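Participant: Read off the chains here:
Number of protein chains: 2
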Amino acid sequence: MASAAVSYARENQKRFLNELKDLLRIPSISTLGEHKDDVRRAADFVSSELRRIGMQNVESISTKGHPLVYADWLNAPGKPTVLMYAHYDVQPPDPLNEWITPPFEPAERNNNVYARGAVDDKGQLWMEIKALEALMNSGNGKLPINVKVLVEGEEEIGGESIAEYVRKEKAKLKADFALVCDTELFAPDLPTLCVGLRGLVYTEIEAVGARTDLHSGMYGGVAPNPFFALIEIISKLKDAKGRVLIPGFYSKVKAPNAAELKAWKKLPFNEDHFRKTEVGSTALTGESGFSVLYRTWARPTLEVHGMPGGFTAPGAKTVIPARASAKVSMRLVPNQNPGDILKRFKAYVKKLTPTGIQTSVKVWSKGPACVVGTDNKYIKAATEAMRDVFQKDTVFIRSGGSIPIVTDFQDVLKIPSVMMGFGLPDDNLHAPNEKFHIPNFYRGIEAICLFFEKL
Amino acid sequence: MASAAVSYARENQKRFLNELKDLLRIPSISTLGEHKDDVRRAADFVSSELRRIGMQNVESISTKGHPLVYADWLNAPGKPTVLMYAHYDVQPPDPLNEWITPPFEPAERNNNVYARGAVDDKGQLWMEIKALEALMNSGNGKLPINVKVLVEGEEEIGGESIAEYVRKEKAKLKADFALVCDTELFAPDLPTLCVGLRGLVYTEIEAVGARTDLHSGMYGGVAPNPFFALIEIISKLKDAKGRVLIPGFYSKVKAPNAAELKAWKKLPFNEDHFRKTEVGSTALTGESGFSVLYRTWARPTLEVHGMPGGFTAPGAKTVIPARASAKVSMRLVPNQNPGDILKRFKAYVKKLTPTGIQTSVKVWSKGPACVVGTDNKYIKAATEAMRDVFQKDTVFIRSGGSIPIVTDFQDVLKIPSVMMGFGLPDDNLHAPNEKFHIPNFYRGIEAICLFFEKL
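If you read the protein sequences in the order shown, they are chains A and B.
When we follow my numbering, the leftmost residue of the first sequence carries the number 1, and every step to the right adds one.
When we follow my numbering, the leftmost residue of the second sequence carries the number 1, and every step to the right adds one.
So that you can see chain A by itself, here it is in the shape it has in the complex (with noise of 0.2 angstroms):
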């Protein structure tokens, strides 16, 4: 590890670590109206330091949601060219009550600093942007390889404006492989690298019955009520043992092969330890005859996720609501079609509504489960900077999450992308507490600096 980088990123830790609490401090909530105007600070934030850092072409691009940062260095002849993604959007901090510190002042407490979007993503993205500052000063003024940045602020929605950006700017994006910092290391200390995603599927359905708002007293027995409506047709969806009931909804589902099977069988989990350490419950749930890892990692699911409507405030209110609805998300495994799964969500839970109810289904996110291959030397540099930082061979795992943007840049892009995530299992990613591991944003730095000293 003699790298000139490695040790100019040693040097400014403290700082590095200060400006990523600044970015923090920004409550860019992307899914909140409210928050469009902290949204955009926060990209103008981004698009500054990459011009400050000595990025070319910076620009911030406006889309129909929020805007696109884009840079690019390309000063490299005859080396290949990556594209950096991140994304400098954050999930909405609720509940509040339950954070030991406010969501958007960023605290250090045990070596982490705890914020909203510490780890996902704008811990990592900042380890992306201070790799390239460390390269580029330790370089004088130049890069190892060309490199391209695109960063959004639309992951927890959907990230639908990369998407078409992506389709639309093919030349522009065109780049030998893809750099992701947006997954999580399988344990503290163990040099990972995410080869799998699953898809997601995010709606909403939304049921009324009656026109107006009802006393139960005086209609409870005879006017429809959205929420039981909702409960019955929920029920149905999936059963108590954890399988969706939706008609062919595992018939395109795609195993892993038994090479990856075996070796998910040798990484350092335990069931019980997880459930203890990580989930906290009594007891996990889900199909029987699949491990968690398999369950979390290659199997589809359905969660309920919120079911506004109705009366919420402590109390009681007697009242039969006249809508409610229900957030319901599926994630997606290889070969399942989003849009294939859509369909046959939307027409069995119209077949499940009740007499008295109308339903509609919302969509919120769609996007397919992802699958990159590790037989590229793009990968095979990575392993070797992971190894490299963390003097342990790097293991190859998925991640039950999604990362759409994985897909489209394989789809269309064509290139094969590098998922090089350091969160680890217990960072409450969309939870309270959020937290990034401080060591861990550090060696985040090293590594992709040497990674693309490696290329």
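Honestly, I wouldn't trust all of these hints.
Stretches of chain A that chain B covers, calculated by requiring three or more beta carbons in the stretch to come under 8 angstroms of a beta carbon on chain B [unchecked claim]:
no. : stretch
1   : 92-98
2   : 198-207
3   : 284-292
4   : 308-314
5   : 358-371
6   : 396-402
7   : 431-443
Treat the hints as calculated values from the structure; they're not laboratory data.
Computed from a predicted model, the values in this text were never measured in an experiment.
Cβ coordinates follow ideal geometry from the N, Cα and C atoms, glycine included.
Given chain A, put chain B in place with the hints provided.
Facilitator: For chain B alone, kept in the frame of chain A given last:
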């Protein structure tokens, strides 16, 4: 109707209505802690007026919850004593965006006054007070019978304080009968007395799965989801045909007698018209083999009012919430004991709770059903007074709603209640755009005057 009190009431209609509007401007929402002072303001408004019109021993009685207001006038020796009841608290106004004019800014349209609490129950409370004023003024400071007034501010949240007070102050509250103005006319211009009410057990099932909110990508397929657990449980509490499945739920149900059922069939009621005009849904639901009136008046039900937890804002958040809850209530009919039903409900919920989830049941309110006899002189005088005001024969109905105090008056004070109400079926109780038909406000005042004069 050559009554001086009625003449006085007619001369002062405009003023009476303006006073009511002042009371309606106070957002006395008993279930919301932040409105505690408003609830007290409404209580003060009522006690001031009782004092002003010449009632004696007016007092505001502090309770663990919201204050009771008591007043009396007991200077009619040899005459019967009435205990007049109403409530000054109201339901929350949400959903706010469906109100045509704001809920606490009373507005007149089409001879109705629109506001939260207009008919339930401030308008009817004001009828009682204004009838007393009219009788007092036209009788040279004397009332035709002895009067005790007891007004509460917790009717919408279970009425615990008044129930306790009635048990404690049996002697003070002793009367020959009670007058309860909190029900409705069966149809416009049809004089109606209510002789039966359903009971209520209102609960919140709280479900807990993981220790913290989890990302549905990482954990979907293995982490227990409290929403799905609630859905599984509630889907088994009532079937699609409206039959409650809690073991033993129907075992004590007492059906109405043949004469009462026969009288209901003669009421001017068309189920299809009711569906179209009142409910506004494409179909009615509930147990087959029972008419709409039977289902709402004399059959128990189970309803879901809201499911707090998770993500409910517009957009997508891929969260498996650590906890969620469901507001579930049951309406009870004669002979169903609320304590017994609650016990059965809790046991069944526990039994239905899936692995990995802990549930607990919080009780927000609990009261039995009640049927009052029609063979006493008070009901008879009320029947005549209503006929005189409306110039039509009075009908006896039940209500599907719950007024637990009526049961307490019967069981604790051993007195019958006359439920004389002037709401209309389309008055939007507990819903947006609640209203009170202004001519019914005036008729109510006159009917109470005549009723008391007849005794």
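Participant: Name the hints, by number, that the structure is in violation of.
Facilitator: Checked against the structure, no hint fails, so every one of them is satisfied.
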